[in-house]
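Please put together the full structure from these sequences, using the hints given.
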Amino acid sequence: MTADSTATRLAQATEQMVVLARIREDYRVAKPLVGERLALCGHVTVETAVQVDTLIALGAEVAWCASSTSTTDEQVAALLRERGIRVVGSRGMSEADLRKGVEEVLLTWQDGPTMVLDEGAMIISALHDTMAGLPAPVLATEKTPDGLAELDRLARRTPIRFPVIKSDESFGKDVIDNPHGTAQSLLETIMAASGRMLAGKVFVVAGYGRVGAGVAAKARGLGARVVVTEVRPTRALMAVLDGFEVLPMADAARVGDLFCTVTGTAGVLREEHLSLLKSGAVLANGGHLPYEIDLAALDRMTRHRMPAAHPGSEVLTLADGRRVYLIGGGNIANLAAGRGNVSEVMDVTFASQVLALCLSVKEATSWQAGLRELPPECDEYVAAALARAMGIHLGAADGSSGDPHAG
Amino acid sequence: MSWLVSDPDEDLVQRGRAALALARSQMPLLDGIQREAAESRPLAGHRLVGCVHLTKETGVLVQLLVASGAEVAWTGGDEVSTQDEVAAALAVEGVRVFGRRGMTTAEVGEAAAEAFGAFSDGPTMILDNGAHLIEMAAASLDRHPQLRGATEKTSEGSRRVRELGATIDFPFPVVSVNDVVTKWEVDNTYGTGQSTLDGILRATGMFLAGKRFVVCGFGHVGRGVALRARGMGARVVVVCRSAKTAVRARLAGFEVLPLESAARTADIVCTATGRPDVVTAEHLDLLPSGAVLCNTGHSTAEINLADLQARTVSTEQVRPHVRRHRLDDGRYLDLLSGGGLVNLDAAEGNPSEVMDVTFANQALVTLGLGGRPDRYAAGVQDVDAAQDEDVARRKLAAMGVRFDGSDQPAGTTRGVGEDKSA
Chain A
1 MTADSTATRL AQATEQMVVL ARIREDYRVA KPLVGERLAL CGHVTVETAV QVDTLIALGA
61 EVAWCASSTS TTDEQVAALL RERGIRVVGS RGMSEADLRK GVEEVLLTWQ DGPTMVLDEG
121 AMIISALHDT MAGLPAPVLA TEKTPDGLAE LDRLARRTPI RFPVIKSDES FGKDVIDNPH
181 GTAQSLLETI MAASGRMLAG KVFVVAGYGR VGAGVAAKAR GLGARVVVTE VRPTRALMAV
241 LDGFEVLPMA DAARVGDLFC TVTGTAGVLR EEHLSLLKSG AVLANGGHLP YEIDLAALDR
301 MTRHRMPAAH PGSEVLTLAD GRRVYLIGGG NIANLAAGRG NVSEVMDVTF ASQVLALCLS
361 VKEATSWQAG LRELPPECDE YVAAALARAM GIHLGAADGS SGDPHAG
Chain B
1 MSWLVSDPDE DLVQRGRAAL ALARSQMPLL DGIQREAAES RPLAGHRLVG CVHLTKETGV
61 LVQLLVASGA EVAWTGGDEV STQDEVAAAL AVEGVRVFGR RGMTTAEVGE AAAEAFGAFS
121 DGPTMILDNG AHLIEMAAAS LDRHPQLRGA TEKTSEGSRR VRELGATIDF PFPVVSVNDV
181 VTKWEVDNTY GTGQSTLDGI LRATGMFLAG KRFVVCGFGH VGRGVALRAR GMGARVVVVC
241 RSAKTAVRAR LAGFEVLPLE SAARTADIVC TATGRPDVVT AEHLDLLPSG AVLCNTGHST
301 AEINLADLQA RTVSTEQVRP HVRRHRLDDG RYLDLLSGGG LVNLDAAEGN PSEVMDVTFA
361 NQALVTLGLG GRPDRYAAGV QDVDAAQDED VARRKLAAMG VRFDGSDQPA GTTRGVGEDK
421 SA
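Same order as they appear, the protein sequences are chains A and B.
Position 398 of the first sequence, counting from 1, maps to 398 under UniProt numbering, and the rest follow consecutively.
Position 158 of the second sequence, counting from 1, maps to 158 under UniProt numbering, and the rest follow consecutively.
These aren't lab readings, by the way, just hints derived from the structure by calculation.
Take the hints with a grain of salt, since some may be wrong.
With beta-carbon atoms standing in for the labels, derived distance ranges [what the hints assert, rightly or not]: (1) A:Leu371 <-> B:Arg264: 47 to 55 Å; (2) B:Arg326 <-> A:Ala11: 56 to 64 Å; (3) B:Thr167 <-> A:Ala296: 53 to 61 Å; (4) A:Ala30 <-> B:Glu255: 32 to 40 Å; (5) A:Gly223 <-> B:Glu282: 52 to 60 Å; (6) B:Arg331 <-> A:Arg388: 31 to 39 Å.
None of these values were measured; they are calculated from a predicted model.
C-beta: ideal position from N, C-alpha, C; glycine also.
Below you can see the structure in the form of structure tokens.
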């Protein structure tokens with residue numbers, strides 16, 4: 001891929017990431033991050049590059065390390081390096097190199113960073129471990145549930161040295177990313193990697209949380225007959241009232257043509273279910289971790305596996321002759337076998353993080369160390385910027401409620 | 001004069017009994033809870049005052065409370081929603097019922113005050129809908145040391161209760177039974193969503209497909225109304241005032257406009273915000289002739305009736321729930337149910353099985369307060385998540401739905417409190 005087309009991709013992402021654009025515009029003069037040394041850990045993609053561009057536009061000095069061994073977009077990394085930005089990481093690097101990259105980025109400055117934008121708590125963990133000798137940054141943010149779980153484990157071992165904002169729990173995540181962004185990209189990936197027509201198929205959604213409800217609604221929109229499985233009564237009831245068939249997995253496994261697990265828990269599709277699947281069934285996991293489908297059991301049952309006709313999926317021939325299609329090897333399907341979230345969804349997530357820094361940079365020096373919530377103004381700002389970008393006009397005083405619980 | 005229902009007509013009583021039996025047949029949760037509570041009688045010795053729209057479904061709740069051992073006084077707290085036959089049937093069962101269908105707002109207040117004072121020793125328990133009784137209790141706490149607990153089930157009432165709780169130390173638990181999935185989704189979104197459409201259709205007999213249907217508010221009720229109206233083929237426009245709600249509505253596929261734009265082409269405007277003065281003079285002046293105005297929010301003040309009256313030269317009752325306002329500029333607007341709750345007035349409110357779920361929550365909290373006063377601490381409290389799961393489990397069982405958690409006994413639900421998954 002040429003540098004030109006990478007620049008085009010970056011330009012296109014920049015255009016679609018409207019909330020970050022608004023932040024650059026609103027803080028163009030104030031430049032609240034001038035003088036800040038910012039260490040960023042994140043997937044090396046065009047969307048993160050737009051976030052980095054924004055942070056630089058706000059005055060920060062940025063050094064960036066990859067958050068994953070397999071997701072780095074080499075062209076994007078090269079383009080940013082050409083512009084003089086420090087980017088550490090390459091596609092296919094080892095786990096050890098990934099960790100070394102984190103340390104390298106932290107050593108960009110003699111006194112370490114003043115701010116951290118983290119993913120998977122990799123930088124924050126290093127600052128409590130091998131790099132604990134560096135001065136504590138003023139403020140950090142963490143944007144993934146896995147990272148927050150890691151921080152909980154860390155906090156049990158040792159006191160957290162500085163304030164960390166949980167930018168995962170936000171309006172954007174609840175209202176845009178999970179039910180629309182992730183759900184759409186899962187459906188897109190499942191269609192592309194399975195090559196199936198969804199209309200008329202039995203599509204089994206395991207889990208009716210925010211992502212699951214979105215997947216179920218969109219699968220129905222594509223004409224599938226949706227079956228939901230749930231362990232939790234309130235969620236099972238919501239699925240029923242939304243008009244979906246709710247079944248135990250032991251029943252759903254017999255009738256499903258396609259399966260998508262989105263529960264966030266392990267062992268959803270177990271051996272007892274796998275043994276019931278119809279030949280030709282398609283399996284995809286939409287949860288963060290590759291444990292929702294029991295891959296070890298599936299492996300034991302498999303006699304032969306080979307790539308399927310559509311990229312991103314394999315066909316597994318089981319000992320009894322049935323064939324099962326597995327998307328993305330049971331890893332989170334939309335990342336492993338698809339394009340992940342579209343730019344406009346990543347925009348909302350990244351914008352919350354950047355805003356959290358802009359709005360907190362002054363007060364953070366007086367904050368206590370430890371985990372804290374995203375400032376509520378971030379959500380308000382993101383929603384207002386989106387409404388504006390969507391061309392929604394809100395009346396001056398129409399008197400209706402913004403409270404989702406208001407009757 | 002007293003609003004106490006006494007010596008009711010026998011024919012009315014018979015009709016009330018039939019209505020209660022019909023409701024009970026569709027309220028398996030309350031029926032089941034009543035059977036459990038009739039054994040343990042956790043409300044024995046309690047004097048309970050309730051203020052909830054007196055429909056046949058509320059009547060089944062009242063019967064449950066009586067079967068649980070309580071002495072009960074009741075009032076509807078609303079101008080138009082009291083079903084006199086239900087009031088009559090309950091009155092002959094020994095319940096002190098105050099009020100009737102067709103009262104003025106002032107008379108509603110009188111009846112509520114009478115109900116609150118029905119017991120010479122004062123009530124020990126309050127079951128509220130809109131915080132009318134809880135406000136009375138808050139204003140006279142020193143005179144009511146016998147109070148042991150209160151429950152409130154509406155969004156507005158819960159908001160009011162929290163306001164009160166900020167300045168008053170309630171010496172007993174005041175439990176909001178609103179912020180649970182089985183209330184706000186089942187009742188507000190799906191129940192009220194459906195019954196509002198039902199009310200509009202029954203009142204007007206209009207054809208909905210293709211009509212411009214403006215929903216003001218996109219909380220649980222507004223969202224429910226918008227979804228049901230879209231399902232009927234209407235072109236739905238959502239009006240809301242916060243950017244967050246606007247984005248939520250837009251991503252659900254609805255057009256979002258300010259009311260001053262939406263009003264110009266509206267065929268129907270339905271308010272569902274819980275706040276006053278949503279539709280005012282400036283909007284009334286923009287509506288096309290023949291537009292239908294109705295409200296399904298808790299308050300009758302969402303449509304500013306004074307502004308409407310100021311433009312009205314004559315009115316005509318064109319159908320039982322439709323008052324046609326002929327305006328001074330030649331247009332006419334059809335107001336449903338006098339701007340009151342269209343789903344309760346023109347239809348039958350929430351279907352019995354929806355109220356079954358809502359009342360199951362309020363009944364279980366009330367029985368809990370009677371049987372185990374230590375379950376909730378004093379002051380304003382939310383109902384706990386475990387009860388929410390218990391009610392959902394009961395409802396799924398009643399519907400015959402099997403799911404992956406259905407083999408587990410109540411109280412052992414996996415995943416409760418682990419809201420971050422998926």
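Against the structure, the hints come out as follows:
1. A:Leu371 <-> B:Arg264: 47 to 55 Å: Given range 47 to 55 Å: holds, Cβ gap about 49 Å.
2. B:Arg326 <-> A:Ala11: 56 to 64 Å: Holds, at about 59 Å.
3. B:Thr167 <-> A:Ala296: 53 to 61 Å: With a Cβ separation near 59 Å, B:Thr167 and A:Ala296 satisfy 53 to 61 Å, so the hint holds.
4. A:Ala30 <-> B:Glu255: 32 to 40 Å: 35 Å, holds
5. A:Gly223 <-> B:Glu282: 52 to 60 Å: 44 Å, violated
6. B:Arg331 <-> A:Arg388: 31 to 39 Å: Cβ of B:Arg331 to Cβ of A:Arg388: about 34 Å, so the range 31 to 39 Å holds.
Hint compliance for this structure: hint 5 alone is broken.
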